[in-house]
Amino acid sequence: MNKQTKILAGVLIAVVLLSAGVLAWRKLNPEPARIAKISQKGQVLQEIDLTQVKEPYSFVIEGEDGALNTVQVEPGRICISEASCPDQICVHQGWISDGSEPIVCLPNQVIIQITGGGSQVDAAAG
Amino acid sequence: MKGRLCLLLAGLLAAGAVLTGCAGAKSASSESSQVFAMDTVMLLTVYGDQAKEGIDQATQTIQKLEKLWSATDETSEIWTLNHSEGDWVDLSPETEQVLSRSLELCALTGGALDLTAYSAVQAWGFPTGEYRVPGAEELAQVAASIDYTQVELNEQASQARLPENMSLDLGAVAKGRLGEVLSQQLKELGVTSALLELGGNVQTVGAKPDGSKWRVGIQDPASQEGGYLGVVQVADQAVVTSGDYQRYFEQDGQRYCHIMDPDTASPAQSGVDSVTVIGSDGTVCDALSTALFVMGEEKGIQFWKDHPELNFEAIFIAQDGTLAVTAGLADNFTLADGYQNREVTVMER
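So the sequences go chain by chain: A and B.
At position 125 of the first sequence (counting the first as 1) the number is 125 in our numbering, and the numbers step up by one without a gap.
Residues are numbered in our numbering as their position in the second sequence, beginning at 1, plus a constant of 126.
Just so you know, these hints were derived from the structure itself, not from any lab.
Each hint should be verified, as a subset may be incorrect.
25 Å max Cα-Cα, derived DSS-like pairs, lysine-lysine [said to hold, decoys possible]:
| id | chain 1 | residue 1 | chain 2 | residue 2 |
| --- | --- | --- | --- | --- |
| 1 | B | 431 | B | 178 |
| 2 | A | 54 | A | 37 |
| 3 | B | 178 | B | 313 |
| 4 | B | 334 | B | 313 |
| 5 | B | 313 | B | 190 |
| 6 | B | 313 | B | 339 |
| 7 | B | 178 | B | 334 |
| 8 | A | 41 | B | 190 |
| 9 | A | 41 | B | 178 |
| 10 | B | 334 | A | 41 |
| 11 | B | 193 | A | 37 |
| 12 | B | 178 | A | 37 |
| 13 | B | 193 | B | 178 |
| 14 | B | 193 | B | 334 |
| 15 | B | 190 | B | 178 |
Here are a few chain B residues that sit away from chain A, every Cβ distance over 10 Å (derived from the structure) [said to hold, decoys possible]:
| id | residue |
| --- | --- |
| 16 | 166 |
| 17 | 189 |
| 18 | 213 |
| 19 | 222 |
| 20 | 283 |
| 21 | 327 |
| 22 | 332 |
| 23 | 349 |
| 24 | 369 |
| 25 | 402 |
| 26 | 428 |
| 27 | 432 |
What you are looking at is a predicted structure, and each value in this text was computed from that prediction instead of being measured.
A virtual CB, placed ideally from N, CA and C, is assigned to each residue, including glycine.
Build out the structure end to end from the sequences listed, making use of the hints.
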C-alpha cells in the first residue's frame, strides 16, 4: 500500500467510526420530540409536537349531536379544558405531558395520546 | 487506482451496513389498536409475527364479551338476568364462568365485593350521569337489596336467577376477566409479548420484546396532571387500580366516588384514595382492587395476609398521601421523580 492509499483507508475508517458514533449517540439521546396525537372515533385529527409549541393556544373539536371538546395546548403539555360530555372525566384528568396515560373522552370518542420521548413507563394503571 | 476504488466501495458498504444494521434492530414488529368498549377505551399492542392476528382476535373477543356483559345493553345476558323478574335465565359459557368466579370472590372478601351493589350505583346516578345524593330512607332500602348470596347459579344447567328487586353488574370484574381471557387467547396464538391497557386496567402478556419487565405507572390520586407517583415492574401480570378520583361527582363541596360500599349503598369511605392490585390472575386483581378499596388499608392488609393462595400484591395510597406496599413488591416498586420523600411502609406477612 502506498502512502495515498493508507491516507484514504484512514479517512474511510474515520467515516465509518463517525457514522457509527453518530448513530450510537442518537440512540442514547433520542430526539426529544413529543407528539400529541388527537383522534376522534379512531381517525387522527391532528398531531402536535409539544416541544415545538411556543405560545399557549386552544381549539375546539366538534362531534355528533353538538358534542364539543376544547383542547388546551401549552409548551410541553396538553389537556381538555372543557367538554360537553356528562361525566367530565377528560376534563378532570387535567394536563398530560408524557405517554404514560392518554386523555380519553368516551362519550365523544376523543383520545389524546402522546408518543415520543419523556415517558419512563409503558402504561399507567388508574 | 483500482485498489483505491475498491477500498472506497468497501468503506461505503461498511458505513451502509452500520446504518441499516442499527435501523433494522430498532424494534420488533408490532400492531396496535384502539377499541371503544365497556364504557372505556382499550389500547392494545401486540408484538411478534402473530401481532396482526392477535389484534383482530382480541378486538372480536372484546366486542363479544361486551355484548354479553353490558348492564345497559338490552340484548345482553346481564340485562336479561336483571329483568327476568326472578326467572331462570340461560347463560353462555363466558358469562357463567365470570359469574362463578366473581361470586367466589364476593364470598372470599366477605361481601366487600358484591356484584349486586349495582342498585346503589344506579341510585347515585352513575350509569346515566344524572348524579344525585339519595336520602337516608332510600339508601336503607337500596342497601337491603344488596346481597350476592341471593344470586343463584346453576352450573349444570348454565342458568342463573335473581330475586325480583335485585340487579347485578360485572363492572368490578369484567375488564379484569377480559384481560385474563385475552391473555390466554394471545398465548394460544403463540404471542409472547403484549400490552393490553383496558381502561386503567393493565394486563401484560410475557415481558417486553427485549426481555425486560413492563413499567407500569401508578397514578397519583392527588395529581391534577394525571402524574404517576410510583412505577411497578411486572411481566405476565395484571395491574389494576381502584381509586376515588376516577369517576366521581361533587355536590355541596363533598366528593362522591363510584365505588360503592355494599353495606351502606353509598360511596366507600375507608381512608384510602386508591388501591392497586398486582397478580397473575386479572379477574382476582380487578375484584380485589374494588374489595380492598371498600375494606381500607388495615382490613385490606389483613386480607392479603390471610390469602396467600390468591397470589396477589397490593399498594394502598392513603388519603394523607402515605403508601403501604405488600412485601412481594418491595423489589419491583419504585417511587417516581418528585415523590422520593413519600413515606412507604412495606407490609410483611
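Tested hints:
1. Simply put, residue 431 (chain B) and residue 178 (chain B) have alpha-carbon atoms about 42 Å apart, too far for the 25 Å limit, and the pair is violated.
2. For a cut-off of 25 Å, the pair hint linking residue 54 (chain A) to residue 37 (chain A) stands: about 18 Å separates their Cα positions.
3. Distance check on the hinted pair: residue 178 (chain B) and residue 313 (chain B) sit about 14 Å apart at the alpha-carbon level, within 25 Å; holds.
4. For the proposed pair residue 334 (chain B) and residue 313 (chain B), the alpha carbon gap of about 14 Å is at most 25 Å, so the pair holds.
5. Annotation: proposed proximity of residue 313 (chain B) to residue 190 (chain B) holds, straight-line Cα distance about 19 Å (limit 25 Å).
6. A distance of roughly 17 Å separates the Cα atoms of residue 313 (chain B) and residue 339 (chain B); the hinted pair therefore holds under the 25 Å criterion.
7. Distance restraint check for residue 178 (chain B) and residue 334 (chain B): the Cα-Cα separation of roughly 17 Å lies within the 25 Å cut-off, and the hinted pair is therefore satisfied.
8. For the hint pairing residue 41 (chain A) with residue 190 (chain B), the CA-to-CA distance comes to about 20 Å; that is within 25 Å, so the pair holds.
9. A hinted pair counts as satisfied when its Cα atoms are at most 25 Å apart, and residue 41 (chain A) with residue 178 (chain B) qualifies at roughly 20 Å.
10. Taken as a hint, the residue 334 (chain B) and residue 41 (chain A) pair is broken in the structure, with Cα atoms around 28 Å apart against an allowance of 25 Å.
11. About 29 Å separates the Cα atoms of residue 193 (chain B) and residue 37 (chain A), which puts this hinted pair outside 25 Å; it is violated.
12. Restraint check for residue 178 (chain B) and residue 37 (chain A): the C-alpha separation of about 22 Å stays at or below 25 Å, so the hint holds.
13. At roughly 23 Å between alpha-carbon atoms, residue 193 (chain B) and residue 178 (chain B) fall within 25 Å of each other, so this suggested pair holds.
14. Between residue 193 (chain B) and residue 334 (chain B), the direct Cα distance comes to roughly 31 Å. Violation of the 25 Å bound is thereby established for this hinted pair.
15. Between residue 190 (chain B) and residue 178 (chain B) the alpha-carbon distance is near 19 Å, which keeps this suggested pair within the 25 Å criterion.
16. Distance check on residue 166 (chain B): its Cβ comes as close as 6 Å (rounded) to a Cβ of chain A, failing to clear the 10 Å threshold; non-interface status is violated.
17. The claim that residue 189 (chain B) is not at the interface with chain A holds, since no C-beta of that chain comes within 10 Å of its own (minimum 14 Å).
18. The claim that residue 213 (chain B) lies off the interface holds: its Cβ sits roughly 33 Å from the closest Cβ of chain A, which is beyond the 10 Å cut-off.
19. The beta carbon of residue 222 (chain B) sits about 28 Å from the closest Cβ of chain A, which is more than 10 Å, so the claim that it is off the interface holds.
20. With a least CB separation of 37 Å from chain A, residue 283 (chain B) remains clear of the 10 Å interface cut-off, as annotated.
21. With a least beta-carbon separation of about 7 Å from chain A, residue 327 (chain B) fails to lie farther than 10 Å from that chain, contradicting its non-interface assignment.
22. Every CB of chain A is more than 10 Å from the CB of residue 332 (chain B) (nearest about 13 Å), matching its label as outside the interface.
23. At roughly 8 Å, the least C-beta separation between residue 349 (chain B) and chain A is not larger than 10 Å, which violates its mark as non-interface.
24. The non-interface label for residue 369 (chain B) is inconsistent with chain A: the shortest C-beta to C-beta separation is roughly 6 Å, within 10 Å.
25. With a least beta-carbon separation of about 6 Å from chain A, residue 402 (chain B) fails to lie farther than 10 Å from that chain, contradicting its non-interface assignment.
26. Look at residue 428 (chain B): its CB is around 23 Å from the nearest CB on chain A, clear of 10 Å, so calling it non-interface holds up.
27. Chain A leaves residue 432 (chain B) outside its interface by the beta-carbon criterion, the shortest separation being 24 Å against a cut-off of 10 Å.
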